[in-house]
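**Q** Single-letter residue listing:
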Amino acid sequence: MNFFKSLILSSFSAFALFLSVSSIAQVSYEQILKAADTPENWLTYNGGYSSQRYSALDQITTSNVDDLQLKWTLQNQVFGAWQSNPIIVDGIMYVTERPNTVMAVDAVTGRIFWKYRHVPAANAVVCCGANNRGVAILGDMVYMGTLDARLIAIDRINGQPLWNVEVGDVDLAYSVTMAPLAVKDKIIVGVGGGEYGIRGYVVAFDALTGEEAWKTYTIPGPGEANHDSWEGDDWEHGGAPIWITGSFDPASNLTYWGVGNPGPDWNPSQRPGDNLYSDSAIALDADTGELKWYFQFTPNDAYDYDSVQVPVLADMVWRGVPKKVMMWANRNGYFYILDRTTGEFLEGKPYVHVNWSSGLDENGRPIQTPQPEGMPTYPGNQGGTNWYAPSYSPRTGLFYFTAWEGYATIYHAEESEYVPGEAFYGGGFSVLAPAPDAPTIRIGRTNPINTWTNEVGYTSVKAMDPQTGEEVWSYEQFDVSDSGILTTGADLLFTGGREGYFHAVDARSGDLLWKVGLGGQIVMAPVTYMVDGVQYVSVISGNSLSTFALRNR
Amino acid sequence: MKQLTIRLRSRLLILLSIILTGLFVSQQSMAQDDGDHAYTSEAILAGLSVYNRQCALCHGPNGASVDGVNLSRGVFRTAITDDDLRSVISEGAAEGRMPSFVLNAEELNGVVAYIRAGFDPEGISSGQIGDPARGKLLFEGKGECADCHRVNGVGPRIAPDLSNIGAIRSPTSLQRNIVDPAAALLPINRPVRLVTRDGETITGRRLNEDSYTVQLIDSKEQLRSLRKSDLMTYEISDVPSKQPTTLSSDEVADVVGYLLTLRGQQ
Numbered sequence: 001m002n003f004f005k006s007l008i009l010s011s012f013s014a015f016a017l018f019l020s021v022s023s024i025a026q027v028s029y030e031q032i033l034k035a036a037d038t039p040e041n042w043l044t045y046n047g048g049y050s051s052q053r054y055s056a057l058d059q060i061t062t063s064n065v066d067d068l069q070l071k072w073t074l075q076n077q078v079f080g081a082w083q084s085n086p087i088i089v090d091g092i093m094y095v096t097e098r099p100n101t102v103m104a105v106d107a108v109t110g111r112i113f114w115k116y117r118h119v120p121a122a123n124a125v126v127c128c129g130a131n132n133r134g135v136a137i138l139g140d141m142v143y144m145g146t147l148d149a150r151l152i153a154i155d156r157i158n159g160q161p162l163w164n165v166e167v168g169d170v171d172l173a174y175s176v177t178m179a180p181l182a183v184k185d186k187i188i189v190g191v192g193g194g195e196y197g198i199r200g201y202v203v204a205f206d207a208l209t210g211e212e213a214w215k216t217y218t219i220p221g222p223g224e225a226n227h228d229s230w231e232g233d234d235w236e237h238g239g240a241p242i243w244i245t246g247s248f249d250p251a252s253n254l255t256y257w258g259v260g261n262p263g264p265d266w267n268p269s270q271r272p273g274d275n276l277y278s279d280s281a282i283a284l285d286a287d288t289g290e291l292k293w294y295f296q297f298t299p300n301d302a303y304d305y306d307s308v309q310v311p312v313l314a315d316m317v318w319r320g321v322p323k324k325v326m327m328w329a330n331r332n333g334y335f336y337i338l339d340r341t342t343g344e345f346l347e348g349k350p351y352v353h354v355n356w357s358s359g360l361d362e363n364g365r366p367i368q369t370p371q372p373e374g375m376p377t378y379p380g381n382q383g384g385t386n387w388y389a390p391s392y393s394p395r396t397g398l399f400y401f402t403a404w405e406g407y408a409t410i411y412h413a414e415e416s417e418y419v420p421g422e423a424f425y426g427g428g429f430s431v432l433a434p435a436p437d438a439p440t441i442r443i444g445r446t447n448p449i450n451t452w453t454n455e456v457g458y459t460s461v462k463a464m465d466p467q468t469g470e471e472v473w474s475y476e477q478f479d480v481s482d483s484g485i486l487t488t489g490a491d492l493l494f495t496g497g498r499e500g501y502f503h504a505v506d507a508r509s510g511d512l513l514w515k516v517g518l519g520g521q522i523v524m525a526p527v528t529y530m531v532d533g534v535q536y537v538s539v540i541s542g543n544s545l546s547t548f549a550l551r552n553r
Numbered sequence: 001m002k003q004l005t006i007r008l009r010s011r012l013l014i015l016l017s018i019i020l021t022g023l024f025v026s027q028q029s030m031a032q033d034d035g036d037h038a039y040t041s042e043a044i045l046a047g048l049s050v051y052n053r054q055c056a057l058c059h060g061p062n063g064a065s066v067d068g069v070n071l072s073r074g075v076f077r078t079a080i081t082d083d084d085l086r087s088v089i090s091e092g093a094a095e096g097r098m099p100s101f102v103l104n105a106e107e108l109n110g111v112v113a114y115i116r117a118g119f120d121p122e123g124i125s126s127g128q129i130g131d132p133a134r135g136k137l138l139f140e141g142k143g144e145c146a147d148c149h150r151v152n153g154v155g156p157r158i159a160p161d162l163s164n165i166g167a168i169r170s171p172t173s174l175q176r177n178i179v180d181p182a183a184a185l186l187p188i189n190r191p192v193r194l195v196t197r198d199g200e201t202i203t204g205r206r207l208n209e210d211s212y213t214v215q216l217i218d219s220k221e222q223l224r225s226l227r228k229s230d231l232m233t234y235e236i237s238d239v240p241s242k243q244p245t246t247l248s249s250d251e252v253a254d255v256v257g258y259l260l261t262l263r264g265q266q
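Chains as they are written, first to last, in our numbering: chain A, 1 to 553; chain B, 1 to 266.
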């Protein structure tokens with residue numbers, strides 16, 4: 001598309017959008033920038049560019065939380081884990097369901113305005129379920145990435161598709177499962193496929209036209225810095241996907257992304273070197289995609305320790321000095337504090353039992369201690385934590401996340417040949433079990449009867465002090481949890497788990513204040529919003545999206 | 001919870017060697033010939049490799065991670081014959097939830113062999129599976145198994161019902177349970193002892209548990225569901241209620257032979 005054609009199209013689209021807007025205001029970039037000031041809305045996957053998943057709403061308090069009442073339930077029509085995170089704007093909720101359907105829902109009654117259904121190509125392939133984690137919103141459009149690696153812009157008033165562009169090659173097993181991130185006039189997404197020998201990247205599109213604006217590979221090519229962290233042509237199929245939404249700091253104009261595992265997953269000797277930028281945090285210029293810094297958590301990873309965790313940003317006085325920090329509880333079992341302007345390592349400590357590494361050096365690089373073949377590695381394959389969205393409360397100054405304790409796996413490596421579009425594992429793993437034939441933790445929960453017990457692993461929701469890197473309190477669950485965290489201006493912490501309980505915990509003490517058994521596994525992070533003076537909390541359990549508010553509201 | 005985990009860790013390491021022997025070591029193997037064909041040990045081992053590479057991520061290391069399917073125990077949604085298994089693998093199934101896989105004939109045969117062998121590359125030699133009729137007598141008499149276990153509606157319910165045990169356990173696992181129950185006892189079957197705030201003492205076996213509640217069958221065969229907040233004491237023993245058997249190895253083989261005939265209501 002040449003410049004003039006693009007300009008005409010952009011102008012026309014803008015005009016068309018202007019015409020379509022009558023009663024509902026556009027969601028501007030400036031509005032998303034100030035998301036913290038409009039807590040009645042939930043504007044991005046992580047509730048704002050700093051990804052704190054903290055809402056200033058405080059109508060529901062530690063004193064009245066046990067007065068919460070179910071207001072409505074929306075039933076999903078599709079079987080499978082429902083990982084989607086709703087976006088709420090001016091009383092309208094946008095939520096996706098499997099495989100790639102977007103719904104606009106009245107946030108007060110749960111009734112549906114419209115549904116847009118994209119049917120992914122039949123050869124779309126993903127490792128771990130037909131997941132979609134939600135939409136981005138900007139202007140009058142919502143944006144969804146798809147299992148067949150497309151990005152679709154949808155009119156948020158009438159649910160009609162406006163443009164649909166290729167993000168990656170579905171024949172090579174590229175996919176998009178994350179919610180896109182809208183920054184300024186661009187929509188930014190990453191690609192999944194780390195189990196299929198892709199070469200990962202982050203790519204930005206013009207929000208109005210869908211035209212590609214920039215693309216940055218997570219594995220540097222020949223001639224680029226750090227290409228020598230790979231040997232031969234390993235880099236061409238080295239994985240390093242991006243499958244969780246990143247963050248943005250307007251002060252530095254940097255977007256931050258967590259990068260996934262190198263491929264093949266479990267055979268590091270097949271890809272000698274550090275394998276940059278797999279298992280790293282990367283900072284990319286929002287306008288150009290230029291890489292400004294990186295920090296690698298797990299060089300030459302043998303354990304599938306994707307670093308796709310949400311980069312949580314905060315400005316604080318850190319050990320007496322004002323700092324712009326990034327907090328990161330990594331799948332590899334360490335909790336890190338980084339300087340997000342420079343990428344400098346500030347602190348890192350293990351938060352669960354770790355035996356693949358004996359510690360971190362002064363630059364935060366792990367001192368690796370691989371276990372003998374056949375012996376268990378802690379944390380296990382699903383990690384000390386994973387993609388479950390954490391939270392930071394500026395009121396308590398604590399960072400909260402979901403950890404798996406007492407969980408280990410036994411890895412085995414083998415040579416894998418890269419075949420385009422096919423699984424590229426390089427081995428496998430089994431979960432350490434207390435007895436032969438004993439049931440173990442699965443990637444997702446499918447059975448409501450817990451026969452594996454906490455002896456193969458259990459969850460603790462942890463509150464960490466970023467000043468010390470130490471745990472302040474933890475709240476244990478018998479089963480493991482894939483749920484994220486929400487904190488509020490009344491010092492409440494909401495979270496779920498595989499058992500199907502929706503918990504409200506005191507964010508300062510870790511004491512349980514309220515719970516309700518919703519039955520199905522909770523594999524998303526709760527959100528909160530306000531309509532007509534009523535604060536709501538929404539959570540997805542199993543096949544139901546349930547929304548609560550105080551009784552008599 | 002933490003204490004329990006730590007207490008069990010040393011035992012876990014011992015058990016590891018058992019698990020690993022079963023998983024990785026190549027031995028003379030005897031496939032269970034309950035499919036269409038008998039398979040060679042080479043095919044089973046080749047299948048293990050294919051399985052770990054292509055199937056384990058969704059189906060899990062034990063083949064039981066997909067609802068309604070337990071590959072190692074021969075529980076499938078639709079497949080009956082080996083050819084059915086081959087076409088499910090080659091063409092996909094369950095409305096696309098199971099993708100199709102491009103495998104060559106050797107790989108395909110291997111993975112079917114591995115499934116039919118009950119995920120047991122080492123297997124148990126046929127000499128260790130004895131006479132079912134003698135085994136039944138031992139089970140009900142000298143072996144004292146029927147004192148606690150129920151089969152086809154007969155016997156107490158305090159220990160797990162064994163009516164379909166032959167369909168859900170491998171011969172190796174059955175043998176291990178008889179010879180070394182402490183090493184083989186599943187965590188959920190560990191004996192529990194609870195004391196309520198009312199002073200009632202309950203002993204039994206767990207059926208299910210979550211963060212706030214526990215469901216069990218007590219020594220009076222009553223189904224009980226208890227809130228943990230109502231308990232003064234909650235102990236989980238890592239010592240099984242049964243001792244290693246005093247039966248001879250030939251007698252154990254007979255009992256294993258009998259248990260393998262217990263395949264539930266067909």
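It is worth saying that the hints were derived from the structure and are not from the lab.
Predicted model, so just to flag it, every value in this text is computed and none were measured.
Beta carbons: idealized from backbone N, C-alpha and C, even for Gly.
Some hints could be false.
Stretch by stretch, here's where chain B covers chain A in the computed footprint (C-beta under 8 Å, at least three residues) [unchecked claim]:
hint: 1; region: 115 to 128
hint: 2; region: 274 to 286
hint: 3; region: 410 to 417
hint: 4; region: 429 to 440
hint: 5; region: 472 to 478
**Q** Of the hints given before, which are not true for this structure?
**A** 2
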